[in-house]
Amino acid sequence: MKEVFYSTHHLGYSYEESPVLQDIGIEIARGEIVGIIGPNGAGKSTLLKILGGLLDHWTGDALFRNQPIQQWDRRKLAQQIAYVPQNTHIAFPYSVQEVVLMGRLPHQGASFFESSEDLDQVDQALRMTDCLELSERYFNELSGGERQLVVLASALAQEPETLLLDEPTVFLDLKHQLLICRILKTLHETRRLTMVLVTHDLNLAQSFCDRIFFLKHGRVIAECCKRDEGGLILEPDVIEEVFEVRADTNGLQEPKIILSFGR
Amino acid sequence: MLTGKRFVLLLSLGLLACAASIIVAPFIGPSSIDLEKAFSDHSTLDFDILFRARLPRVLFAALVGGALAISGAVLQAILRNPLASPFTLGISGGGSLGAVLAIRLGWEHTYGGFSTLPIASFLGSSMIMVIVYRLSRSRHQLSPLTLLLSGVVLNFICGSLILLIHYFSDLTQSFMMLRWTMGGLDVFDYQVLLNISPFILVGLIVLTTLSRYLNALSAGEDLAASRGVNVKRIISLQFFGASLMTGSVIAFCGPIGFVGLIVPHTLRLLTGPDHRLLLPLSFLTGGTFLIFCDAIARTILAPLDIPVGIITSILGGPFFLWILLRRRTTSFL
Chain A
1 MKEVFYSTHH LGYSYEESPV LQDIGIEIAR GEIVGIIGPN GAGKSTLLKI
51 LGGLLDHWTG DALFRNQPIQ QWDRRKLAQQ IAYVPQNTHI AFPYSVQEVV
101 LMGRLPHQGA SFFESSEDLD QVDQALRMTD CLELSERYFN ELSGGERQLV
151 VLASALAQEP ETLLLDEPTV FLDLKHQLLI CRILKTLHET RRLTMVLVTH
201 DLNLAQSFCD RIFFLKHGRV IAECCKRDEG GLILEPDVIE EVFEVRADTN
251 GLQEPKIILS FGR
Chain B
1 MLTGKRFVLL LSLGLLACAA SIIVAPFIGP SSIDLEKAFS DHSTLDFDIL
51 FRARLPRVLF AALVGGALAI SGAVLQAILR NPLASPFTLG ISGGGSLGAV
101 LAIRLGWEHT YGGFSTLPIA SFLGSSMIMV IVYRLSRSRH QLSPLTLLLS
151 GVVLNFICGS LILLIHYFSD LTQSFMMLRW TMGGLDVFDY QVLLNISPFI
201 LVGLIVLTTL SRYLNALSAG EDLAASRGVN VKRIISLQFF GASLMTGSVI
251 AFCGPIGFVG LIVPHTLRLL TGPDHRLLLP LSFLTGGTFL IFCDAIARTI
301 LAPLDIPVGI ITSILGGPFF LWILLRRRTT SFL
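Chains as they are written, first to last, in the numbering used here: chain A, 1 to 263; chain B, 1 to 333.
Just so you know, the hints here were simulated from the structure itself, not pulled from any lab data. A few of these clues could be false.
Stated by the list, open to error - What follows is a list of derived Cβ distance ranges for each label pair: (1) A:ASN66 x B:THR146: 35 to 45 Å; (2) A:HIS9 x B:LEU164: 36 to 46 Å; (3) A:LYS76 x B:VAL153: 32 to 42 Å; (4) A:GLN71 x B:THR146: 22 to 32 Å; (5) A:GLN70 x B:ILE23: 52 to 62 Å; (6) B:LEU35 x A:HIS89: 53 to 63 Å; (7) A:LYS76 x B:ILE23: 46 to 56 Å; (8) B:THR146 x A:HIS9: 54 to 64 Å; (9) B:SER197 x A:GLN124: 39 to 49 Å; (10) B:ASP48 x A:HIS89: 47 to 57 Å; (11) A:HIS9 x B:LEU321: 58 to 68 Å; (12) B:THR146 x A:HIS89: 16 to 26 Å; (13) A:SER207 x B:PRO82: 39 to 49 Å.
It should be emphasised that the depicted structure is a prediction, and the values quoted were computed from it without experimental measurement. The beta-carbon is built from N, C-alpha and C at its ideal position, and this holds for glycine as well.
Modelling step: build the complete structure from the supplied sequences, incorporating the hints.
Given below as structure tokens:
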């Protein structure tokens with residue numbers, strides 16, 4: 001039986017009276033990779049932040065492991081959920097190793113200094129993201145792609161069961177996009193992480209996700225799932241409804257085919 | 001990376017330097033002291049100079065420098081802005097406004113060891129502190145950027161009001177105001193130290209016990225929150241801790257600029273940005289730095305006593321630029 005990690009009912013959020021999210025009802029099971037897709041301003045990042053416990057004052061219900069998110073102890077929640085923002089700027093000259101160590105915070109109790117366990121986890125996270133040789137460099141001197149890898153490493157050092165990713169590949173060159181995809185896939189296979197990712201990248205979503213929620217104007221307007229055979233199929237009609245763009249999926253039977261768009 | 005060994009070593013060095021300055025500095029000054037007389041006979045002038053004039057002043061400099069430096073480090077961290085200091089946030093502007101107003105209205109009395117001027121100054125800085133905090137709290141959020149901007153704007157408003165009061169004052173009052181806003185460490189008893197110590201002690205405890213959360217906060221509020229940090233609570237506590245500490249010392253010494261800016265930045269460049277070390281080390285180094293500057297202020301044009309704020313900027317500025325330029329990386333901000 002599948003274990004439900006997230007479930008929301010009539011979830012809503014407003015910013016200065018204007019609704020950002022309305023009546024969201026989704027369920028995410030343990031080990032699933034779920035994509036949240038939609039045009040700019042659809043409320044994708046807001047939804048992700050609510051799932052991560054980063055926002056207050058939403059309405060309706062949002063449960064993580066059958067307990068309302070707002071009732072979770074912050075530190076306990078942080079031991080299970082890690083969040084990777086779109087881009088990260090770190091004030092002051094921290095080294096890569098120090099940045100990854102920041103991910104250990106929820107596991108450090110009263111101890112003032114890092115334990116050897118913390119250092120092991122950091123080492124492992126750096127190794128897993130191919131960042132080991134960066135560890136002495138300054139974070140702010142790295143390229144955008146390298147920074148994103150380091151932030152991912154710091155999320156892994158958090159030893160989460162759930163990874164929330166906000167546009168993990170946006171702004172990155174092809175090499176880093178593929179590297180991040182490969183790392184996420186490996187993580188899913190080895191650690192069975194549950195992943196929720198917000199993205200614009202339909203190709204990424206299609207090749208990577210088990211399930212996709214389409215968000216528009218703050219509502220879930222469509223959902224599509226991976227089939228047993230042939231992977232996840234994006235219907236041109238759904239894409240047109242969400243993005244107001246006609247997509248030609250080239251009779252897409254096989255994932256990883258580049259979509260071509262036309263009016 | 002910060003290890004226990006490094007932490008203890010660097011803090012011991014900081015403590016040693018601070019202790020050494022406290023011991024040596026009282027012997028520096030325009031009039032030379034006969035040590036034998038000073039230690040043997042309590043009725044001599046030498047004794048008075050050493051223990052009644054210079055020692056309290058040196059101790060006062062240590063506390064003021066320490067408080068300003070650690071507050072600067074904390075404010076830069078919670079606002080994630082290298083230019084933040086007690087001055088950019090309007091705390092010193094409010095303190096000066098309170099003091100200037102008190103001078104204009106002739107409220108210079110002393111009641112049981114408490115003189116009214118510092119009280120007026122402290123009320124001024126506290127008022128600005130509360131206004132800045134209230135302005136930046138909107139829509140359930142506490143925005144560091146609004147905090148910084150409201151501080152800057154209120155600092156300007158205070159500056160204008162001070163000029164207005166100057167305009168309506170006579171020459172004597174105006175001179176007193178100007179002298180106050182230059183800042184100085186002229187204390188002649190231990191009462192002042194007793195008055196500010198509780199604020200500094202409480203501030204030190206609040207700021208240093210929460211220091212490690214400032215590291216998480218350096219990566220942004222969302223990332224900090226996702227690591228289990230109660231961002232709003234940490235920012236509020238650190239803001240009030242740093243502000244009260246600064247407000248209490250400014251009330252007695254006036255605005256002494258630059259310490260809160262260059263001491264933390266220099267330490268970040270030399271010993272790294274980790275706030276667990278940076279905060280206590282800033283306190284010790286800030287104290288040492290101000291003792292040093294004050295020793296120069298007392299002697300360089302003796303018997304004139306130059307306002308120490310002038311020395312901190314003239315000396316600290318070029319030193320900071322030198323450190324900045326010889327540094328390989330540009331990314332430290």
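Taking the hints in turn, this is what the structure says about them:
no.: 1; hint: A:ASN66 x B:THR146: 35 to 45 Å; in the structure: holds, 38 Å
no.: 2; hint: A:HIS9 x B:LEU164: 36 to 46 Å; in the structure: violated, 59 Å
no.: 3; hint: A:LYS76 x B:VAL153: 32 to 42 Å; in the structure: holds, 40 Å
no.: 4; hint: A:GLN71 x B:THR146: 22 to 32 Å; in the structure: holds, 29 Å
no.: 5; hint: A:GLN70 x B:ILE23: 52 to 62 Å; in the structure: holds, 55 Å
no.: 6; hint: B:LEU35 x A:HIS89: 53 to 63 Å; in the structure: holds, 56 Å
no.: 7; hint: A:LYS76 x B:ILE23: 46 to 56 Å; in the structure: holds, 50 Å
no.: 8; hint: B:THR146 x A:HIS9: 54 to 64 Å; in the structure: violated, 34 Å
no.: 9; hint: B:SER197 x A:GLN124: 39 to 49 Å; in the structure: holds, 47 Å
no.: 10; hint: B:ASP48 x A:HIS89: 47 to 57 Å; in the structure: holds, 55 Å
no.: 11; hint: A:HIS9 x B:LEU321: 58 to 68 Å; in the structure: holds, 59 Å
no.: 12; hint: B:THR146 x A:HIS89: 16 to 26 Å; in the structure: holds, 18 Å
no.: 13; hint: A:SER207 x B:PRO82: 39 to 49 Å; in the structure: holds, 42 Å
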